[in-house]
Amino acid sequence: MSSNFFDFIDFQLILESIPDMLKGIGLTLELLFLSGILGLALAIVLLLMRISGRWYLAAPTMVYIYIFRGTPILVQIFIIYHGLPQLDFVRESIFWPIFKEPYGCAIVALTLNTGAYVSEILRGGVLGVSRGLKEAGAALGLSIRHRFIYITAPIAIRLCLPAYSNDVISLMKSTALVSTITLLDMMGIARTIVAETYAPYEVFISLMVIYLILTWMMQRTFGWAEKRMSRHVRSEA
Amino acid sequence: MKKTFTLLAAAVVVLALGAPQTASAETLRVGMECTYAPFNFKNADGELDGYDVDVAKGVAGLIGADLEFVCQKWDGMIPALLANKFDLVVASMSITDKRLKKMDFSDTYRISVGRLVGRKNAGFNLFDDAGKPIPSNFAGLKVGLERATTYSDWFENELPEANVVLYDSNEALYLDLVNGRTDMIMTNPMKAHLRFLGKEDGAGFEFVSPQIDEKKYFGIGVGIGLRKGNDALKARLNGALKTLTDDGSLERYALKYFPFAIH
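Those protein sequences? They're chains A and B, same order as listed. Read the first sequence against our numbering and you will find it ends at 492, with the numbers running on by one and no gaps. Read the second sequence against our numbering and you will find it ends at 264, with the numbers running on by one and no gaps.
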């Protein structure tokens, strides 16, 4: 019974295609880190606008987050890559060198998307900090800014970490979509191999294994960070 | 009884001797899709028209046969030929090894080629006078190609200097060429003419290479299909196609639909 499966799978092809696909891991990781960091910065700006208490800052943020969380990231990538160049003023603007390159479009799309998600995660963390702690800070005479930096932020970061790690993993998986705009990340290379060999199982299953290993490494890293950030809880228990 | 037999025998003799001499006695049935413009399709008057149709008529005129067209869906084309529903396939069918196992083909009446399309007056100097690519002049050029096509094979092996960008669809290829994301694209020249160069979007673009005809990559081309074992007919078809090539008829047929010859 199982021999059918092993006859069917071309192990030779798996062994050959994995090194090829790994040539794209640099691009996958680059997209992940660059858009991850830029997205985090964007998320912090969005968060501060959102909790500023000023409607003219909060309202646009809410619209932005609604749009980017409410539409598929593939659509966003296509609009940025195929749609923007249709507008003459985009092609004539100083940003054209970024949008001309599929790489630039990919970074922009992934950053805008992850920024929207992460800012909501951060907001959840900030809202999760108990009022009592903030009031205690106020009683000590800390300014609003100091209370945010020294009390709210550190606790909020710890609270968001599990949700944030989810989002980073999800961003890593989203990077595979850039293969639709001609980039040769691991997915792009895999699709090319499949188109040449007509062997989707071998190639995509190997690709899955590579992604799973990456995910595992990321989970371990975040797990370690979570443990480290809550070591006061354990030592008290 | 004897009289009847004599008459029959006479008729057989007349048929046997007379048939090859009277041109109209032979009728060749020709299978095609009838929906594959501009090669074989029904025009506004409901008449069959197109390059394949012209070739079929030209050949029939030369070998002295009458034609009867049979419209047949593509996936049943070869089975129908083998089942004797028609005698010839003149349907833009490419000659491949796989098909040659089941059927026979005449010489080509259309070739499989690739051709580069780029911006007009860009001053590309990519090919020498013999039509061979100059590899160093391709260095750093961004060339858009469809993923896993014969064109990407050709570039990979013959011009690794070029910076190849792979696309999933023909449309995206034209779009990014217009947007300036690629310097040029390589595709089938007929497709490029029909879908791009002949249209408004393609106005600022032109072919920037000769037709690249490398059989190793792009295949032999399109021929007239027939059942195996018809070598006499095949020889007559080839003779007629040679005449049509030499007297400029094939070029004339092509120029009705394209600004270049396709044989």
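Incorrect hints may appear among the rest.
Quick list of in silico lysine-lysine cross-link-like pairs, DSS-like style, CA-CA up to 30 Å [said to hold, decoys possible]:
(1) B:Lys133 to B:Lys143
(2) B:Lys121 to B:Lys243
(3) B:Lys235 to B:Lys43
(4) A:Lys355 to B:Lys229
(5) A:Lys278 to B:Lys192
(6) B:Lys43 to A:Lys278
(7) B:Lys200 to B:Lys102
(8) B:Lys143 to A:Lys428
(9) B:Lys43 to B:Lys217
(10) B:Lys133 to B:Lys200
(11) B:Lys243 to B:Lys102
(12) A:Lys355 to B:Lys102
(13) B:Lys192 to A:Lys355
(14) A:Lys355 to B:Lys121
Some but not every residue of chain B turned toward chain A, in silico, with C-beta under 7 Å [to be verified]:
(15) Arg148
(16) Ala149
(17) Thr151
(18) Val166
(19) Lys200
Far from chain B, by Cβ distances over 12 Å, these chain A residues were calculated [to be verified]:
(20) Leu293
(21) Val345
(22) Pro357
(23) Gly383
(24) Lys389
(25) Pro409
(26) Ala431
(27) Leu438
(28) Gly443
(29) Ile444
(30) Arg475
(31) Ala480
(32) Lys482
(33) Met484
(34) Ser485
Since the hints were made in silico from the structure, they are not lab data. Using N, Cα and C, we set each Cβ at its ideal position, and we do this for glycine too.
Hints, verified against the model:
1. B:Lys133 to B:Lys143: holds, 19 Å
2. B:Lys121 to B:Lys243: violated, 35 Å
3. B:Lys235 to B:Lys43: Measuring from Cα to Cα gives roughly 27 Å; hence the hint holds.
4. A:Lys355 to B:Lys229: violated, 54 Å
5. A:Lys278 to B:Lys192: violated, 33 Å
6. B:Lys43 to A:Lys278: This hinted pair is violated, its Cα atoms lying about 50 Å apart.
7. B:Lys200 to B:Lys102: violated, 40 Å
8. B:Lys143 to A:Lys428: Status holds; Cα separation ~28 Å.
9. B:Lys43 to B:Lys217: violated, 34 Å
10. B:Lys133 to B:Lys200: Given that 30 Å is the threshold and the Cα spacing comes to 29 Å, the pair holds.
11. B:Lys243 to B:Lys102: holds, 24 Å
12. A:Lys355 to B:Lys102: Between Lys355 (chain A) and Lys102 (chain B) the Cα gap is close to 48 Å, so the pair fails against 30 Å, i.e. violated.
13. B:Lys192 to A:Lys355: holds, 26 Å
14. A:Lys355 to B:Lys121: Given pair Lys355 (chain A), Lys121 (chain B) holds - Cα atoms ~20 Å apart, limit 30 Å.
15. Arg148: Status holds, d = 5 Å.
16. Ala149: Since the shortest Cβ distance to chain A is 3 Å, the answer is holds.
17. Thr151: violated, 11 Å
18. Val166: holds, 5 Å
19. Lys200: violated, 16 Å
20. Leu293: holds, 22 Å
21. Val345: Per Cβ check, Val345 (chain A) is inside 12 Å of chain B; nearest 10 Å; violated.
22. Pro357: violated, 7 Å
23. Gly383: Nearest chain B Cβ is 44 Å from Gly383 (chain A), so the label holds.
24. Lys389: Answer for Lys389 (chain A): holds, closest chain B Cβ roughly 51 Å.
25. Pro409: holds, 45 Å
26. Ala431: holds, 14 Å
27. Leu438: violated, 9 Å
28. Gly443: violated, 8 Å
29. Ile444: violated, 10 Å
30. Arg475: holds, 34 Å
31. Ala480: Non-interface label stands for Ala480 (chain A): nearest chain B Cβ at 38 Å, farther than 12 Å.
32. Lys482: holds, 43 Å
33. Met484: holds, 44 Å
34. Ser485: holds, 46 Å
Going through the hint list in order, the structure does not satisfy hints 2, 4, 5, 6, 7, 9, 12, 17, 19, 21, 22, 27, 28 and 29.
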